[in-house]
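**Q** Once you've looked at the hints, go ahead and assemble the two chains, each given alone in its own frame, into the complex.
From first to last, the protein sequence lines stand for chains B and A. The first sequence finishes on residue 435 if you use this note's numbering, and the numbering steps up by one all the way, no holes. The second sequence finishes on residue 370 if you use this note's numbering, and the numbering steps up by one all the way, no holes.
Derived from the structure by calculation, the hints contain no laboratory data. Please note that a few of the clues may not be correct.
Derived BS3-like pairs (lysine-lysine); straight-line CA-CA distance at most 25 Å [claimed, not checked]: (1) K319(A) x K166(B); (2) K310(B) x K430(B); (3) K128(A) x K196(B); (4) K14(A) x K105(A); (5) K376(B) x K143(A); (6) K74(A) x K197(A); (7) K337(A) x K166(B); (8) K344(A) x K376(B).
Short, incomplete list of chain A residues facing chain B, as computed with Cβ under 10 Å [as the list claims (entries may be wrong)]: (9) N15; (10) I16; (11) P115; (12) V117.
Computed spacing ranges between beta-carbons, pair by pair [stated by the list, open to error]: (13) I368(A) x D119(B): 31 to 37 Å; (14) D76(A) x F325(B): 51 to 57 Å; (15) G73(A) x F325(B): 36 to 42 Å; (16) I368(A) x Q247(B): 57 to 63 Å.
Beta carbons: idealized from backbone N, C-alpha and C, even for Gly.
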Amino acid sequence: MEYRLKRTQQLQDFLKFSQEHKEKSTMKDMGEKAGALLKKPASELSASQKRGRAITEMFTKAYDPNSCVVWHSLFMPTEIFQAMDIVPFTAEMAAAGIAGAGISRVLVERGESHTQCMDSCAFATCSTGAMLEGLFPEPDFIVTTSQLCDTAVKLARFSAQITGRKEFFIDVPFGGVVMNPDQYRNTVDYVAEQLKSMVTFIERETGRKLDENRLYEVMQRSNDAREWFLKAMELRKNNYPLVRGVQMLDYSITLLNIWGTDAAVDIFKSLYEEIQAACAKGGIAKGIHRIVWIHLRPYYDNTIINYIEKERGAYLVHEMSNWIFWDAFDPEDPYRSLARKMLSNPAYSPVEVQFDLYENYGKQWNVEGYIGFTHKGCRHLYSSIHMCAEHLKDVIPWLVIDGDCIDPRAYSFPLVKTRIDAFFDMLDIKKERME
Amino acid sequence: MNLIQFKQNLEPYKNIGPAIGWFCTYMPEEILHAAGFNTYGIRKSSGCEDEDVYLSRSLCSFVHSIFGGALEGKYDYMDGVIIAHCCECMRRLYDGWVEMNAIVKPQFAYQFSVPTVNTELSVEYFSKTLNQFKEDIEKQFNKHISDESLIRSIKIYNKTRQLLNRLYELRKRVKPPVSGFQVQEILDICMSTPKEKFNEYFEPYLQELEMRESGVFNDFRYRVLLYGGMYNPSIIKYIEDEGTGGIVVCEDACQGYRYFDAQIAIEADTEPMTAISRRYLGKMPCARMAGTHGERTQDIVIRLVREFSADAVIYFATKRCDNLFWEYQFMKDVLEKENIRIKKIEGDISGDIPQREIRSFIELLDFIEA
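Pulled out of the complex, with its shape left as it was, chain A reads as follows (with noise of 0.2 Å):
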């Protein structure tokens, strides 16, 4: 099987309903699987940035792209869609999708706040606030959650995760047999179909990857690590495709290696919601956690640049997202004592790139090699 055949096989089962939406992985999408519904993950540029005139200049692209979509009715299908609080710009994402309500659709917008700190007391406060949601979309949808079906859906989500680490070892190797752009094509398949659906052909798929033993690509010189948050995806698609020498061997993003890193551990003596809170506090933190946590970011792309063996990391700054811009000294600093080129690129999730930087930062890594 190849990625064509494997898109192929799961185009019927793209954006079927009954479908809740979501933008955050901080979203326990195990919850709303539990209710009966297909997840969807919104994650790349929905075409309608500039269709939005509700919620002023002051947010990011990601947030105008979504909102756009909606006025558009790009999410028609769906029945409702999960605003986690996760920072500023989702925080009024909400608030338009309530004001615009007679002309959006979906009309039915949830928000929780999701804490900023990965403690035992945020473990256990976010349970509760998890609780409170879970009884919000029993009531919405009259719909019944048992623990048993958490439970079934906890191990579907952990089914996919684990696939999906596994299609992320295969890019550690010398020669990946996927491209970045490939992994992106199969991690937007994965938040567009239902994950039944997607584990069942993603696996006899991701088993023929891990036989191939050539590469995917047969020359190239530089192994790139991304960071970000919501990323523009035409960057990979530039380093690979256009002749720079590069590939893209992990993501340290939303549409990355965050989505899925850690499982949920289900244990006899642990409530299934508390489990829930662990992990999706405990995962692999984002530029908007602060704390002790938040500060293993740096620690974690180390890591990652050392288990990739990334040769440089590309740090992509989304416009108006505070939390990226802010963060980037603190990665730049950690990251140059330890020896690892780094560059921003900034953009919206869409659109243009500024191909000439990257360009010649590849170029500035053949120079330091040369």
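Here chain B stands alone, though its shape is the one from the complex (with noise of 0.2 Å):
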């Protein structure tokens, strides 16, 4: 295991890499930031800190040389590794980070340098460019799914390949939610037996064993969190603003690799009830328009929500990375509740589910407008944003803002502000009409 030793070095050219290349950041003091989340006690800290610090700790974890690490695609289920004690770092994640320390512009022409591709998924390149210098910690092994796209499986691939350690893949039919019961249960089926085999493997690879009455807790675990958060957003349902849009935004739950996790049910449970203060007092605003956000923010330095929120009045009520698509876990019978979940992500069925979501979406939370933020080298996104916002235009008025969640390449404030302003002035006219 001397490639665990390396760790201690990468942290510090990861550091040192962003002292060298750092642009104008959203998270300018990043570092001094994580140190001082840390020494905090957990009872001084707001949801959104114990988040921070959640995450900055796992983060850290991953360089650690004594850390068992996998490098898992987005949408795998975290809960058999947290029940096996080893620490999930997420590739494409970690190129929302990247964007957020402000070093993402010089990691993508680094990645796209390998690629050769200039319109690919910025997550996956950046993460490329990261891998090429060396930034990410060495994992002990790595496991793809085929959700939600096929820029994951070859950065997976590429994965293996630069870092000499074994990769686990596990097939996820697409539509799940459109099958029939029958077909639904073959595919459940289907996808437990590769998550057992994968258990199989990481017993192998790791020497560890996997210890089913903790895997029990964790998907314990795992439903507490659920369902503070649950009850968290049932608050926002018809309320005034009770929390910052950017900020739920930065939770997008579906990503999130604590599930399973003390920290993850204690961070549901400071929100709920910050909500629910926030809530007691009339909300932390007075919005104009109830808005709901598609897909995740531009991670790079950027005022678009801000904007949104502070300049035209509007409020987040929901965020589609904070829809939890999932049924509560059978802890009795953990991996046919793993494939459910996975099977279960509406970002994986043909667009007509999501057609159905945001209509009755919007009626059941009192919508006034649905906001899309592409990502220009997402093929499934991007089409079904922009698929969505034609299907539904005379139902809900929508806002497709072409971007790019990680690349500031193409960036430029004035040109989304010009269409921002002319939705909410639309916005601002229909209300009028109204009262």
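**A** Next comes the structure, spelled out in structure tokens:
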């Protein structure tokens, strides 16, 4: 396991690289902030700070030579890893942190020099750049699923190649949400069998043994965290703004890799309590328009959501990345439970599922408009957002902002602002007429 | 018989119904054939790439061309289309078809998921998916697909695959009796005529080709293997017709070997659907495949380069196909270690091709040779 010793140097290289290449950043004092968060007692932290601390701790742990680390693709549930004390590291999502730190431009360019592709997903391209620069912590093994996109599969293969570690691949059939009951049952069994084989693979690769009782506890904790988060979201349903949208977008719970930990339960319980307190005070601001944000936000330095919330008086009442699309787990049946979660992702379904979701959602949550932020290199999401906007244009107003979550090179606030203003001017007029 | 006569013989059978269209070589045609349909592969530009504004600009030109063709009524003679979920772009093709159902033809579109790995588990799972597909087709068209009809169809398609394999064997000769472009024409006919008719008319033509001792070109210097998914046929035409000195001897592509490389093994103790599943997941992998089977891609290209005595590989990366773009680096690394020349060409499935790049690559081969 000599490769693990490289991690200490890799962390230093990462910090050095950040200092040398940092551009304008949303997290100018990231290092200091993280240090301060780690020093403070948990009781003094807000839910968002607790989230930041948990992520930082997980990130730091991934660089610890004593840790057993898995690189996994997005949407791979992390409960089994947590139950085996394996630190999950999501290479694609690390790109979001990189963009926040203001070093994504140079790493996307580095990645492109390898992929020779200018219009692929910048999450993957940026991660490729980081791997080529040796900035990510050496993994012990790699786990990939076929969800949600083609690039993730190739990125994982590249990860295995560059690190020399073994990769375990899980094939997740497309369209679980629209399958008939028989087909769905077969598919759940198919994915569950692969998850079991993954455990055998991990046991062989790491010498660790999965304790079924421990997995039961982790699954239970995931359920508890899920419940707290659902309660918090329920409060947002028909109320004044109770929490900043930009803050909620950072949760992006569908991508979070701390599910199954005590920290996750504590974070979501705190979030619920904060939102409940804000509710008692009548909200944190007087918002004018109720907006749902589709997809993620740009992670590099930008003012889009601040402008929407602070200057245009709109507020986000929900975010697609905070959609709890899965049912509570049955801890007695962990593999099938996890398989069901993987199969119930609406983003990995025919787009008609998203049409229904947004239409019903809009009514239930009293939504006035959707804002879809597309990600240039994303084949499936870019097109689905445009299709949703077209399909639902007579039902609810849509604004589609074509952009990139990671690559700041084409970002221009004046261009985006013009479109945002036109959208909100239209909503203002609509509201005036209705009143 | 020559190619022109062969084409003329099959002209009356082109695009006749009842017909179902397909787009990806992971779609088992045998099941549809057993239901009484002719199965036609939509494999090239419909000429309508620019007609489609519904799917957004993030998708590849193949998908845009197909959808533009559907909006323009190019597939009116078909009863339906089957879209295997093989990549992100195809995923949205189905969505567009359903969304614009009032104006596209044919209206019936069906999508099923194809595993990305080839394991015992995935073969078993895919056979269940195909059984579901069979039931849904029976219901939709009020047909019955018996095991006997399925086995009969498998035999017909196996025969087609066997003939096409024999055709490719000819291209291994020092002086191949067919050009790459002629092979493309034959494959086009194969994918747009009933297989029974294709087999009937192609076999005597193939026998004549097999008897020929002379090569189709007297003076070519370089043998090229083309790798890709859906590629622009102008590449082959350019290499062979514009005096570059090249001949295309093999295509590891969706419009090539990948369509017919393996037979369906019908054994007494195997369910026909399991045999179909095994063949389709185990065939020559496309860049979408993952796991150990996906990683065989490079070994297969090396084997083909040796078997067809290719001097170089032209890798056609269809724009906005992430599978092909990301696969390229793996391919390049492995081929260069084997001292096999490789050149990536980017483009769409129709329109202009970067002729200078191709020509200079072939000139580079000359230079290295010198």
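**Q** What's the verdict on K319(A) and K166(B), does the C-alpha distance respect the 25 Å limit or exceed it?
**A** 30 Å, violated
**Q** Would the hint linking K310(B) and K430(B) be met if the CA-CA limit is 25 Å?
**A** 20 Å, holds
**Q** Is the interface hint for N15(A) satisfied, with its Cβ closer than 10 Å to some Cβ of chain B?
**A** Violated: closest Cβ of chain B sits about 28 Å from N15(A), beyond 10 Å.
**Q** Should the interface hint for I16(A) be scored as holding, given a Cβ-Cβ cut-off of 10 Å against chain B?
**A** Constraint on I16(A) not satisfied, violated at 31 Å.
**Q** Taking 25 Å as the top limit, are the C-alpha atoms of K337(A) and K166(B) close enough?
**A** 22 Å, holds
**Q** What's the verdict on K344(A) and K376(B), does the C-alpha distance respect the 25 Å limit or exceed it?
**A** Status holds; Cα separation ~23 Å.
**Q** So the hint says 51 to 57 Å: do the beta-carbon atoms of D76(A) and F325(B) match that?
**A** 39 Å, violated
**Q** Are the Cα positions of K74(A) and K197(A) separated by 25 Å at most?
**A** Holds. K74(A) to K197(A) sits at ~23 Å (cutoff 25 Å).
**Q** Is K376(B) within 25 Å of K143(A), Cα to Cα?
**A** Given pair K376(B), K143(A) is violated - Cα atoms ~44 Å apart, limit 25 Å.
**Q** Does the nearest C-beta of chain B fall within a distance shorter than 10 Å of the C-beta of P115(A)?
**A** 5 Å, holds
**Q** State, for the Cβ atoms of G73(A) and F325(B), whether the hinted interval 36 to 42 Å holds or is violated.
**A** For F325(B) against G73(A), whose Cβ atoms are near 38 Å apart, the range 36 to 42 Å holds.
**Q** May I ask you to test the hint 57 to 63 Å on the CB atoms belonging to I368(A) and Q247(B)?
**A** 60 Å, holds
In the structure shown, a violation is registered for the earlier hints numbered 1, 5, 9, 10, 14, in ascending order.
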